[in-house]
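Participant: Each protein sequence line maps, in turn, to chains U and P. With the first letter of the first sequence counted as 1, position 250 gets the number 250 in the working numbering; the numbers rise by one all the way through. With the first letter of the second sequence counted as 1, position 213 gets the number 213 in the working numbering; the numbers rise by one all the way through.
Don't read these hints as lab results, they were simulated from the structure. Bear in mind the structure is a predicted one, so any value in this text is a computation, not a measurement. Glycine included, every Cβ here is placed at the ideal spot set by N, Cα and C. One or more of the hints may lead you astray.
Said to hold, decoys possible - Covered by chain U, per the in silico footprint, the following chain P stretches (three or more residues, Cβ under 8 Å):
#1 103 to 110
#2 318 to 326
#3 337 to 346
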Amino acid sequence: MVYIFHSTLLWMTDSIHYQKVDRDSAILQVYPMLGQYQVPCTESDTVQLPEVEIFTPALDKYTIGQHVQVISEKELEPFQGLALAEYLQQRTGLFLRQYGPGMLASLTMRGTSAGHNAVFWNGLPINSPSLGQADFSILPVGGFDQVAVHFGSGGALYGTDAIGGAIHLNSKPKFGGGHQVQVASLIGSFGRWNQQVQYGYSNEKFSSRSRFYRNFSRNDFPFRNLSKMGTPVEFQENAQVEQWGVMQDLAWNLNSKNQISTAVWWNKTDRQIQPVIGSNTNDTQQDQNLRWVLDYFHFGKNKIWNTKTGLVKDELIFNIKAINKTTQYFIATDLDWDIHPKWKSKSGIRHTYITGDLDTYQVSESRLELYQSNNFHPNEKLSFSVNLRQLIYERNWAPFTPSLGGEWNVWKNKTQSFLLKTSFARSFKVPTLNDRFWVPGGNPDLESEKSWSGEIGLKHVIVKNNFNFEQQITHFRMSVDNWIIWLPNGSFWSPQNIRKVNNSGLEYFLDVTQQFGEWKLGLSGNYAWNQAINQTNISENDRSKGKQLPYTPEHKLQSMFLVEKGVISSFLNTQRVGERFVATDNASKLNPYQLWDVGVNYQWTLGGKVSGNFGAQINNLFNTDYQVLRLRAMPGRNFQFNLNITI
Amino acid sequence: MIRFRIFTAFWVLAFIAVSCTEDVPEIPLGEFEKGVLIINEGAFGANDGEVYHYDPVSGDIKNDIFESKNGRPFAGLIQDLLEADGKMYLVANTGKVEIVDPKDFASLGAVDTDLNISRSIAIANQKLYISDYGPYDENFNSPNSYVAVVNGLNGGAVSKKIPVPSQPEGLIVAGNFLYVACSAAEKLQVISLATDAVISSEDVEGTPAKLKVIDGRLYLFARDAGNIYFHEINRNNFNIQNTIKIPLANATSNFAIGEGGDAYVITSTGWPDYNDAVAKVSMNSASVVNPSLYTGSGLYGIGFHPVSKEIYIGDNNGWQGNGTVIVINGSGQTVKTIDAGRGPSGFVFK
Chain U
1 MVYIFHSTLL WMTDSIHYQK VDRDSAILQV YPMLGQYQVP CTESDTVQLP EVEIFTPALD
61 KYTIGQHVQV ISEKELEPFQ GLALAEYLQQ RTGLFLRQYG PGMLASLTMR GTSAGHNAVF
121 WNGLPINSPS LGQADFSILP VGGFDQVAVH FGSGGALYGT DAIGGAIHLN SKPKFGGGHQ
181 VQVASLIGSF GRWNQQVQYG YSNEKFSSRS RFYRNFSRND FPFRNLSKMG TPVEFQENAQ
241 VEQWGVMQDL AWNLNSKNQI STAVWWNKTD RQIQPVIGSN TNDTQQDQNL RWVLDYFHFG
301 KNKIWNTKTG LVKDELIFNI KAINKTTQYF IATDLDWDIH PKWKSKSGIR HTYITGDLDT
361 YQVSESRLEL YQSNNFHPNE KLSFSVNLRQ LIYERNWAPF TPSLGGEWNV WKNKTQSFLL
421 KTSFARSFKV PTLNDRFWVP GGNPDLESEK SWSGEIGLKH VIVKNNFNFE QQITHFRMSV
481 DNWIIWLPNG SFWSPQNIRK VNNSGLEYFL DVTQQFGEWK LGLSGNYAWN QAINQTNISE
541 NDRSKGKQLP YTPEHKLQSM FLVEKGVISS FLNTQRVGER FVATDNASKL NPYQLWDVGV
601 NYQWTLGGKV SGNFGAQINN LFNTDYQVLR LRAMPGRNFQ FNLNITI
Chain P
1 MIRFRIFTAF WVLAFIAVSC TEDVPEIPLG EFEKGVLIIN EGAFGANDGE VYHYDPVSGD
61 IKNDIFESKN GRPFAGLIQD LLEADGKMYL VANTGKVEIV DPKDFASLGA VDTDLNISRS
121 IAIANQKLYI SDYGPYDENF NSPNSYVAVV NGLNGGAVSK KIPVPSQPEG LIVAGNFLYV
181 ACSAAEKLQV ISLATDAVIS SEDVEGTPAK LKVIDGRLYL FARDAGNIYF HEINRNNFNI
241 QNTIKIPLAN ATSNFAIGEG GDAYVITSTG WPDYNDAVAK VSMNSASVVN PSLYTGSGLY
301 GIGFHPVSKE IYIGDNNGWQ GNGTVIVING SGQTVKTIDA GRGPSGFVFK
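Next up, chain P with everything else stripped away, as it sits in the complex (with noise of 0.2 Å):
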């Protein structure tokens, strides 16, 4: 799943401060450098990942910005997005990464050899880390999963692979360490950055799915058939310190932070009800605030806007076309909804 690590805080103090400064000559942003990107993973087998953008100010939405700019689909589900050194990667799981400017998304480079089903990116010290599942065997399970390691920013070969437990999804870098997130091992597994090496491997409680630094804290968000688990791990020896256990069941790996310790999950009940749901929990009590914010069927991707305080819900109107994304506020009401692409399943906010 998508997770979006974009220093909201930052660019929005950037935009006050160049906002503000009237001596400085303005320069202006770049198409795409404020609003709202709404990521569509796409139809498996159809490889028509898109992203959208959307202003909440005018209301303007804008399809298929990759296309649109650089002449060509896509053409890839899109797993993963993340801007970093002022590029934008998009990770597809159909094996490969484009690279793309955040200003106008102009295509400045790729990986798309060497992969098998990429998951998820991290940069660090000028190269990129690419989690992918590796090909899966006659049972589609993927005994040869691996990190992939790019030198240079703009894309290109991949250099080294290093092995890593089954099905890595989340990475994030922190300090000198990389944290790999193996969902079907059920593993964390810590790689060193001086030596590409993996040098800590570690059995947690629940699928992990996601690493995510909350309030200077590093967390793995992990879940099973009646909880989820965020497990704080300690950066100096990679254990897990402490894990915030919430009994939320039928929770999915989508989820979103809010503010005050608040999460919000899109939990599914699956056959036979098959009802989804925004669940609101606390990291701080440990507990369900609201099992059911809002419920709908068909709910894909969730993010929370740092500034308006509203939650964007992706629906997937059941694939047969093109999703919708649902805009509710904090009492769960629906504030507007947005015409977005094929499995909307993650925002940026700028």
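Chain U on its own, in the form it takes in the complex (with noise of 0.2 Å):
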């Protein structure tokens, strides 16, 4: 079935209070609804069944004062089988170093590192604990239904690494689905091939869902070799990527106030690494991940009971020779509690226990975290809340985390309203464990790194017949002190808690509909402003203080427009990424880049049991030519087309 859930329910039952969460995101929080299934209202004309998500904590309940962006499903689905690399590239606010099309890729937010943000899986945290940050070019679409952006500081409700902020992946399985077969397929330019097929079954009791698929692109696409006289165009080598996975879901309602849930993630990617241009190497690399989670909830009279556990195993080979192996078993529990109308209440516990078995040192280690949140609605008009977390890893106190986040009805009326949000955190790092442990240079002396950062914003909404107006600015400053760089030490590196980053900035999010009769029209807009500026110079020579940090551009903007009519939809979307330093003295710098992408997409149902759509792109519309990084090759104008199928 089409999953055909968004915003819209609202229901009450005896024990359970269900509802939409009138906020940011309209993150769903949705309990389940034993046996009196009832039909969501939507204005789609696909078939409906009653169909359930399965349970999954707000994510958005505790982040009062801050933004929460989420991804959708169907906003996934012309990125069948990309990295999310490419989604967040293409059509958010965010920016990721990219070494390449299909190559590693990290996330910066609010002018941090890369491994400055958390990463989680269905509530498991997937940051590599040796290397402390994500390759969001080995997160294939596909491998989880939807995305949560959580901007901002979330160290008090997330743990280390979210400094700058959070994404969330999550799957979104059903109950009472019935059959379901989905086949999707992508194909594109320079050896672009994805394919999924998923087979799903639910009930009102249980439900499973069954995904494969397989990624592939050789990646030789031309571009201009610099290195070389005349600059001639070339064919990109040794740039194939290769990538398959696996996803099997599994849910029971067990009674109407217990519920199991699971998941399990494959997923390996077989990669030759791209080279810099003017460099002739063969480097390859395969990573392996394998994510796997249980929860269980128990919902009592204003309370859910949740117990987690699971597992994250990852996998990198560098060249077959270099093997590096972790593994991080968790286990959590937390009581979410709805003390009193006005009163909400989260307190939990987490051990984590990391295995590490690198190329140069073994390690284990056990970390123990205690989380307490609040919410208090004093009342229509005002909202607080309040995070502590606390993270003992191996007799080392992390720093003590507070958060405390506000939120004002400044103004509302039948049509418009007008919201005021304002956030104060403290954030952590972790140092990873090659900082601390990689031989040689490795400093098990390191601190954690550490943040303060206060936000204040303004979301204004206007719903008004079939125009709908939905715009937030937010203005942040940060401090990150203790940042962990590695210099050379001798003959090899070592890293040290040398650094001090101010970081400050605006974002800027726009979401506007009009309806007129069949025809629909959309326009989004995001736009990132960050100053990252460097406090320190780490020796006399050093030229970096007072500087941007490298590779943060100033200025992201990217906007779509959306045209729909009945079954055909079509958009044209554009990114701009301001100029980007190569390095701490801001000697260098590239040049900013504009990109433009155009599609359009077809749904059709054949014989009512059939449906699907079509869709097709041109990507780099303009064949610009550009580098995201520094001599690191980026295709021109390319094309793909997609084709979901579903049963």
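Combine the two chains into a complex, taking the hints into account.
Facilitator: Below is the structure:
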């Protein structure tokens, strides 16, 4: 079945309160409706079955004062099998440092470094404990159903790494969907061929979904070889990417008060590493990632008790020889309790056991963290949240992280509302295993990186007949201290807590839709202004102080215009990335670039039982020659076609 | 590492000769025909090697002179730079040689195919000889090292690869022979320029790095954990006829020859102190004159200015950004600092 679920559920039962979360993101807080399904109200003309999503805790319940942007399954659909990095780069205001198409892509949020954002899959943190970051090129769209982006510090809510923000990848299987087969294909330039097959069955008590995918790209795109006389156009070599994955979701409603759900995701990526222009390296990298999560939910009166366990197993093999393996085992439990209509509380504990068998060292480590979140709604106009967290790793106390958020409904009438938001937060990042134990150079005495941040934002919403308008502006300031960098120490490199960075900036989000009869027009936009100013020189001759961090564009703008009429829709999308400095002294920089993409999508049904959509897209419409990072070739104009069939 | 083998005296004399001969019509000097060329090796994985020009008289610095002139980045790591026959050869260890006009750095040609990890270059008989590690094997060893031969001084295709022991570094032409310092194999290799074939191979003490003619004598510089070696080569039988062994610990392969048998060598203690220094050694007395004439961290390239007698030291500033050139006098005092490019690794004084 096509998922027809979005933001229009509102229902009540005896014991459990079902509500639409009327906040930023409309992440649904949907509780199981055992035996009494209702058909959600939707304008879609697809066949509707009484589906109910498997319970996942509302991400934004305790994020008062901050912004969470949700990317739905429908928005992800045209990126079937492509890296999440591609989606975030093309369709959001976030910037990713991409070493070529399909190559390592690390995210920078609010001007912080690649390891300064936490990434979760179904509530499990999946940043590599050895590298301290996630590679967004090996998180293919298809490995999850929904993405939520939490902007700003979230250390108290999420633990280590969430200094600039957090990314949540969630599976959204359902109950009551019957049998369902889904086939998705994407074919594109440079040998791109992505294929996904899914079978799902669910009734009111049980839900199962299995998915298999293979994504491939020869990646032999033409590029101008700047390292050669006459800069000839050559075809990229040694950049092929092949990826396979299997996913399995299962869920049981044991009875009206107990639910168990589990998910497994195995992903393997086999890549040639695209060399920097001017080099002729033939490096290869194989990544294998296995993630498993098991959730038990008990729904009591005004209480939800969740116990979560799981593991995240990462293997990275570079050039066959260098083998790096880490495994994280998690067990956590928390109680989310609506103490009073005005008071909500969540208390929890999480234990993580990490083992690392890296190329140059072996290590194991335990981490224990306690967290407490509270919401207080004194009246309709005001809400506050206070979150606290303390993490201990191997007898080291990470910085205690409190956060405080508030929202004030300044003004509201039938069509318009203004919401003022503010938040203050402390965050931290535990030094990675490599930082502490790599041989040679690892520094076991490193302290956690730590930050203070504050933000203030205004959200403005207009809803009038067929016109919807939503905009939000946020100003933030942040200071990150104890920032770890690796410096050459004689014949090798070693990390030190040496840098301090002050970040400040603006985020702007816009979402407008207007309906004229059959026609629907949409305009969305994201703009990010990030200043990340280095406050330290590492040596007498260093010229980094007062300068913007490298590869951190001050400006990024993304906008998309959408036209829809009945079953046909088309879009025009653009992203503009400002200049990026190549190194800390800002002596050289890369030019800004702007890319345009255009596409069309057609939804069809066949005999009432088979439905699907067909999309065609031109990326980099004007064949712009650009580099995200210096001398990393990127493709010019390219085409992609995607076809989804649902039975 | 970079060798600078410019015949400074020749240039100084030529300059004086031109300046003093009023009858000869004055030919304007090219932009980069005097002053100091700063070779910035570039950072691994970034291919941002470049050459800067520094005018010691005005203090002016011109950045990225290759890219400025040619409208494209050098896009490689500069390993060696040689001026010969009115051309300047820039060797990238990313497998290419760029050939430019020394006057203005305008591109004249290149060798950009069939090389792997090129290290150094020598010119003889209208041919280019390029030392190359060859491709790494799976353990990052270099079992297929070679010296590539290119017919023609403007580059082009590699016509022949002469196999040599592992990881050839410095090259020098003396007489009708090409001498090759093979670092991993710890051998000195001699190639006949008449036949382009190896005619002699000899084990040496220490890891050999560079070859230099000092006061008319041909030396091979080598080092190990506790010593540096100047092996003097007999040009008749290719044997090492004499070795100056100087007890200098933690020497790198970066050194500059001063005056009166003095040499300046960069040392690095590594972990845990990781202190770098410039040591002054005497070849005449085979002793260390001053183990720490200058101390710092991130010291990378070194050069001796033959006219001002100042020592130019490249500081890589931890590779976080561009480097700095520190100019010191003979007593080790800092005279000035110059903003350089990424990883300043060598100098050409003109």
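Participant: Going through the earlier hints one by one, which of them does the structure break, listed in rising order?
Facilitator: Per hint list: zero violations.
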